[in-house]
Every structure is written in structure tokens, then in C-alpha cells.
Amino acid sequence: MKKSRPETRAPLYFCILFFSPEVDVGGVAEACLRFTPDLTVRRGERPAVFLEASRCLSLYRPDSLEARIRVLLREWGLEESDYRIARASSLPRAWLCAVEGISEAMIEEAPVSAIRALLDPLASYAEEERKIRILIETLFALGIRRLGGIRKLPPDSATSRFGEIYARLLDELRGGGEEFIWERFRPSEKFIERIDLDPDAVVWDLEPTLFHLKSLIDRTLRRAFGRGKSLVDLEFRIECERRRNRREFFTCTRIRFTFPQSEAGVILRSFREKLGYEFSRKELEAPIVAFELEALELSPRHSLQSDFVDSDQSREGFRELISELGAKLDLEKEVFQVELAPIWRPERSWRKILKEPSEVRSTVFPLPERPLTLFSPPEPLRRLGRYFFHQDRRYAIESFSQIERLSGEWWENDGGFTRTYYRVRVRPATESEEGESHRDFWVFRELLPGGKTGGIFLHGVY
Amino acid sequence: MKTSPETLAELRKKVGAIARWAPLPGWAVPESELALPRGALVELLGVGSLEWLFRLFRTHSETRIAWIESKLSLFPPAIAQRGVPLSRMLFLETVRERNWALSQALRSKLFHFAVTPVDLIPVRGTDVFLRKLQIQAERSGTTLFFLSDTNTPSFGISHRIRIDREGGRPEFLKRKRG
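Protein sequence lines correspond, in order, to chains A and B. Residue numbering for the first sequence follows the working numbering, starting at 1 and increasing by one per position. Residue numbering for the second sequence follows the working numbering, starting at 463 and increasing by one per position.
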């Protein structure tokens with residue numbers, strides 16, 4: 001049987017050229033990681049992001065990928081007039097197409113000055129700048145105005161005249177030479193998004209703050225999504241106008257989520273609660289001039305694949321609920337799930353936890369049946385003849401069963417415990433309650449150190 | 463075929479009657495032929511109510527439960543012993559924000575059942591409070607149980623069930639619909 005070889009696709013490069021040098025090209029590149037990990041950036045006066053998309057063409061058609069990139073850039077706050085997208089079979093050709101605003105088929109019609117774009121697309125070979133300038137001037141002097149004219153030169157004499165640079169140029173023009181070598185983009189370790197406000201648009205209140213925070217959260221989430229991550233720990237900083245020549249923070253609000261978050265709405269609601277409190281607690285002394293959101297911790301985004309076909313999205317819903325409850329309640333103390341622990345003392349035989357419901361262990365230890373209600377601490381019982389007295393009530397003892405001796409924790413300071421438990425069937429004997437049906441108490445008698453018998457306690461009710 | 467107005471009126475009457483009798487979708491109740499509607503407010507009375515409640519949870523094994531109390535009185539090992547996996551339960555133990563926590567749990571639409579002691583219902587504005595809960599419970603399809611020692615004379619509670627002894631049959635004292 002023949003083994004099929006993976007199909008090798010022809011390279012396809014997308015170039016996003018930004019017209020403003022102030023664009024956060026690193027941030028856009030991180031967000032583009034969702035499409036392909038094969039990307040690089042050009043920084044400086046004319047920033048750009050290059051995506052090598054041949055490996056993701058089984059997921060996107062070139063047109064749909066371009067449409068998605070446009071949507072991403074729009075969400076990033078960029079207008080169509082702020083950038084240009086071009087695609088070609090190599091990185092230098094894509095850059096040339098983007099710079100000149102032409103399609104790949106029109107490359108030969110580009111002016112000779114575009115040689116620079118073909119030979120140094122990432123602006124990383126400053127030492128070749130002089131050679132390229134001489135080449136352009138010479139070609140111009142020879143009467144060559146378009147790139148296509150270069151191919152009309154006799155190759156042997158042109159190569160001996162211009163050297164290796166001419167051979168590279170010819171390769172790029174033919175489109176079949178050695179692939180241009182570029183360094184893959186590595187996202188920055190710091191994950192900070194910032195908005196500096198215009199001096200005429202300073203902010204004093206909570207609502208406009210939340211408005212700006214929302215766009216910061218959106219950007220941070222998109223960057224995290226590009227890396228296949230969710231947000232766990234976030235810090236939001238509000239910076240006020242400088243006083244006494246130093247930067248002043250109005251507040252630094254930090255939220256650590258129990259479960260990784262990927263929903264902007266949930267994150268915003270959590271911040272709204274905290275910021276509402278901060279704004280009501282103290283007044284702003286100077287107007288807000290900048291906002292900064294830093295992701296201090298990220299976590300792998302498991303739900304990216306596992307919830308792909310999950311219709312009810314219960315896992316995401318559970319995370320949202322916990323985040324919302326966490327705004328007012330103490331997580332793991334007031335909001336919790338339970339796991340059993342192999343400890344004999346009944347009060348300590350379980351512990352509070354908070355994790356994904358599917359990760360909660362539901363172990364059952366082979367123990368005699370326990371009561372559903374437990375008194376913690378155990379309540380003292382008084383026994384008189386065939387009656388128990390609990391608080392102001394009297395119960396007639398009907399029968400005993402399920403006798404069990406529990407002891408342990410001798411290493412503790414209090415010398416541990418030794419208890420003999422009984423399941424006791426009782427019937428209310430107080431006049432007002434007579435006629436009520438019987439119930440089962442879980443009662444223990446304590447054995448004190450030295451063999452002395454301690455009191456009787458009611459520990460639970462079945 | 464021409465239908466006379468009298469026949470139509472009669473048919474409408476019959477259809478209306480059937481629509482009123484038709485039980486709402488709900489949970490089958492152990493030891494009873496009746497069903498508990500989803501989104502109902504149910505008061506549980508009697509010494510066997512807790513054991514019965516966990517029999518109900520065990521019967522509907524795919525459900526999720528929110529348990530809201532000021533101080534947790536449940537003994538978790540006993541829950542596991544009753545055949546209800548602890549992974550299905552979320553506990554909210556709070557005094558100050560109990561109503562808010564219950565409301566959040568209902569709003570999340572994650573839980574099929576929610577349980578809380580009846581003392582959560584305020585003495586003043588009982589009907590308004592219960593009506594709000596009723597709307598939230600209906601929207602989320604969560605059946606809300608109030609654990610009670612004595613009969614609460616609240617109009618807003620749609621079902622009242624008494625289980626007098628351990629392992630006993632449920633006695634429906636009140637049943638508004640379903």
C-alpha cells in the first residue's frame with residue numbers, strides 16, 4: 001500500500017502595511033497568531049505584519065483569510081484607510097505589492113525605485129542601502145524606468161557589473177529563487193495595553209472609564225486568543241494628570257479569576273464592581289489621562305477545542321457564574337464545591353474546593369451510613385433514663401444501632417479524639433410535639449485521655 | 463364541510479380545558495405519580511424531607527444543584543453515600559449576600575435545582591420577593607426548594623410537600639399547577 005505524502009503548498013504571503021508608524025504592530029501581530037504562527041513584523045517608519053499562510057489554507061481560503069484580517073483590524077480600531085493588505089508568493093514581493101498598491105501580476109510595471117522593497121523588505125540590511133541606491137541610479141541612467149526592464153539586460157554582463165545583488169533581484173523578479181529568510185515573530189512577555197487620552201478628552205467619571213476599559217479588555221483578549229490563552233490575573237491602572245512633576249495613579253485594581261476568562265462581558269462586570277467601589281470611596285484630584293491594562297497571568301485556553309460542539313456551553317457559564325459571585329463573595333470560602341478527605345474525624349472529612357465540576361472527585365469511602373445534617377460543633381445532649389434532652393426538647397429513646405468507634409489524630413496538641421458513635425432512634429416526648437414521627441440521631445460519647453468517659457453529644461440527624 | 467358556531471365554541475372550551483389540565487414539563491417524583499414542574503417554588507416539610515430530596519436528586523442523575531445556606535448544615539460524605547456525586551453540587555454559604563447569591567445562581571441558568579432554608583424569605587414584602595424568585599426560577603427552569611420546619615403561609619409558593627418520616631411517601635399539601 002502506498003503511503004500518501006503530505007501535499008506541499010506554494011508559499012502565500014500576506015502583508016499588512018500600516019501608514020502610521022504609531023500602530024502597535026506587535027499587538028496586531030499577536031492577534032494574528034490566531035491565523036498562523038508563521039509571521040514576522042517590520043518595525044520603524046513603515047510598520048507591517050507579514051503572514052505566511054500556506055499552512056493554514058486548509059482552514060481558510062485566501063479571500064476569507066483577508067476578510068478575517070480586515071475584521072480583526074477593524075476591531076483593533078483601525079480604519080480601511082490606515083492600512084493596506086497585499087498578497088504574493090514571497091515576502092519581498094508581498095511587501096512590494098503593499099508599498100506600491102499593486103497586485104502581484106503587476107510587479108514588472110512597478111518603478112525601478114521599488115527595487116529597495118524587493119531587496120530589503122524588512123529594513124534589516126542597512127549596510128546594503130548604498131549598493132541598492134547605486135543600482136537604482138545606474139539602472140535609471142541606463143534608461144530603465146520599470147522593474148520589467150531589468151530582465152532585458154544581458155544577464156552575464158549585468159551580474160559582473162552589479163554583483164550578487166543583481167542575481168538576487170533577478171530571482172525575486174522571476175519569483176522562483178531561494179526563499180527570503182526571515183525571523184519568526186515572538187510575542188513580548190509583557191502583556192500591557194494602554195490608552196493615552198487627548199488633553200481635550202480627559203475623563204473624570206466611572207462610566208467613561210468603563211468605556212475605555214472595554215476596548216482594553218477586547219484588545220487583551222484578542223492578543224491572548226492569538227496565543228491560545230485565556231486571562232487569569234489582570235491589573236487595571238488609572239493614571240491621572242501629572243502633579244509635582246511625577247506620575248500619579250488614581251488606582252491600581254487587580255483581579256485574579258479562579259477560572260481563566262475569555263469573555264469580555266464577565267471581565268468588565270468584575271471590574272465594574274471593584275471600580276465602582278473605588279470611585280465612591282475617593283475623589284479624583286486630577287483628571288484621568290491614561291489607562292493601562294496588564295495581563296499578569298495567562299492560562300492555556302482548553303475550551304478552544306473541548307467546547308467546540310458543546311451546545312449548552314455550561315463550562316463557560318460556570319466560569320462566568322463564579323466570576324460574578326466572586327465580586328461580592330469570598331471564593332473557596334463562601335462559594336465552593338466539596339471533595340471528601342480520608343480523615344476519620346467527621347468534621348474534617350471533607351474540604352472546600354473550587355474547580356471545574358468535571359474535575360471534582362466524587363469518591364465514596366466505605367463507611368457506615370452518615371446523617372445528612374451535621375452539627376458543627378457537636379451539640380451537648382443530656383441523658384436521663386430513657387430520655388435525651390436537647391436544648392429545651394425531650395426525646396424518648398426507642399432503640400440503638402450502628403455502633404462505631406472512631407479515633408485518631410493522637411499527634412495533635414489536644415491528644416486527638418476517641419468517640420463511640422451510635423445511631424439512636426428517638427421520638428419527640430415534649431407535649432407540643434407528641435405524635436410527631438420518630439427520627440434518627442447520630443450521637444457520640446467521648447472518651448477522654450486516661451480512659452475517662454466524657455459527655456454525650458448530638459453530632460447529626462438522619 | 464361547514465362547522466356550526468356552537469360546535470366551534472364547544473371545541474374551544476374543550477381545548478381550553480385540556481390546556482389547563484396538561485401538566486407542565488417537570489421532574490418525576492420518587493414514590494409518587496405526580497411531577498414537580500420546572501421553575502416551581504416548592505416548600506418541603508417533615509422529618510423525611512432531606513432524605514427524600516436526595517432521592518429525587520439521585521433519580522435525576524444529570525442535574526446540577528445549587529445549595530444556599532447561611533451556615534452549611536449538610537454533611538458532604540452523606541451526600542455521596544446517597545448516590546449524588548459531589549461534582550453536581552455548588553455550595554453558597556453566606557449570611558450577608560444570600561438573596562443576591564440565590565438570584566445569581568438562578569440567573570446563570572446552570573442549575574436544575576436550588577435549595578435554601580425557608581428563613582431566606584423576608585418577613586416583610588414576602589409576596590413581592592417570592593414573585594421575583596418565581597419569575598427568575600421560571601426563566602431559568604430551576605426548581606427552587608425551601609426547607610422548612612413549619613407550614614409557611616406564603617401565597618407565592620406553588621407547591622408544598624410533606625414527608626413525615628424517613629423513606630416516607632411525599633404528601634402534596636399544595637399544588638398550584640403541574
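Derived by calculation from the structure, the hints in this document are not laboratory data. Warning: the hint list may mix true and false statements.
Unchecked claim - Each computed EDC-like pair below joins lysine to aspartate or glutamate, with the alpha-carbon atoms no more than 20 Å apart:
hint: 1; chain 1: A; residue 1: Lys355; chain 2: A; residue 2: Glu320
hint: 2; chain 1: B; residue 1: Lys571; chain 2: A; residue 2: Glu347
hint: 3; chain 1: B; residue 1: Lys594; chain 2: B; residue 2: Glu559
hint: 4; chain 1: B; residue 1: Lys533; chain 2: A; residue 2: Glu347
hint: 5; chain 1: A; residue 1: Lys352; chain 2: B; residue 2: Glu555
hint: 6; chain 1: A; residue 1: Lys214; chain 2: A; residue 2: Glu273
hint: 7; chain 1: A; residue 1: Lys190; chain 2: A; residue 2: Asp24
hint: 8; chain 1: A; residue 1: Lys355; chain 2: B; residue 2: Asp626
hint: 9; chain 1: B; residue 1: Lys533; chain 2: A; residue 2: Glu320
hint: 10; chain 1: A; residue 1: Lys274; chain 2: B; residue 2: Glu531
hint: 11; chain 1: B; residue 1: Lys594; chain 2: B; residue 2: Glu628
hint: 12; chain 1: A; residue 1: Lys190; chain 2: A; residue 2: Glu22
hint: 13; chain 1: B; residue 1: Lys571; chain 2: A; residue 2: Asp24
hint: 14; chain 1: A; residue 1: Lys328; chain 2: B; residue 2: Glu531
hint: 15; chain 1: A; residue 1: Lys333; chain 2: B; residue 2: Glu531
hint: 16; chain 1: A; residue 1: Lys352; chain 2: B; residue 2: Glu531
Said to hold, decoys possible - Listing some non-contacts, in silico: residues in chain B with all C-beta distances to chain A over 10 Å:
hint: 17; residue: Arg500
hint: 18; residue: Pro547
hint: 19; residue: Arg601
hint: 20; residue: Ser610
hint: 21; residue: Asp626
Beta carbons are placed, not taken as given, at the ideal position from N, Cα and C, and that holds for glycine.
How the hints compare with the structure:
no.: 1; hint: A:Lys355 <-> A:Glu320; in the structure: holds, 13 Å
no.: 2; hint: B:Lys571 <-> A:Glu347; in the structure: violated, 32 Å
no.: 3; hint: B:Lys594 <-> B:Glu559; in the structure: holds, 16 Å
no.: 4; hint: B:Lys533 <-> A:Glu347; in the structure: holds, 14 Å
no.: 5; hint: A:Lys352 <-> B:Glu555; in the structure: holds, 11 Å
no.: 6; hint: A:Lys214 <-> A:Glu273; in the structure: holds, 14 Å
no.: 7; hint: A:Lys190 <-> A:Asp24; in the structure: holds, 14 Å
no.: 8; hint: A:Lys355 <-> B:Asp626; in the structure: violated, 37 Å
no.: 9; hint: B:Lys533 <-> A:Glu320; in the structure: violated, 24 Å
no.: 10; hint: A:Lys274 <-> B:Glu531; in the structure: violated, 25 Å
no.: 11; hint: B:Lys594 <-> B:Glu628; in the structure: violated, 33 Å
no.: 12; hint: A:Lys190 <-> A:Glu22; in the structure: holds, 19 Å
no.: 13; hint: B:Lys571 <-> A:Asp24; in the structure: violated, 40 Å
no.: 14; hint: A:Lys328 <-> B:Glu531; in the structure: holds, 16 Å
no.: 15; hint: A:Lys333 <-> B:Glu531; in the structure: holds, 13 Å
no.: 16; hint: A:Lys352 <-> B:Glu531; in the structure: holds, 15 Å
no.: 17; hint: Arg500; in the structure: holds, 15 Å
no.: 18; hint: Pro547; in the structure: violated, 4 Å
no.: 19; hint: Arg601; in the structure: holds, 14 Å
no.: 20; hint: Ser610; in the structure: holds, 14 Å
no.: 21; hint: Asp626; in the structure: violated, 5 Å
Violated hints, listed in ascending order, are 2, 8, 9, 10, 11, 13, 18, 21; each of the other numbered hints is respected by the structure.
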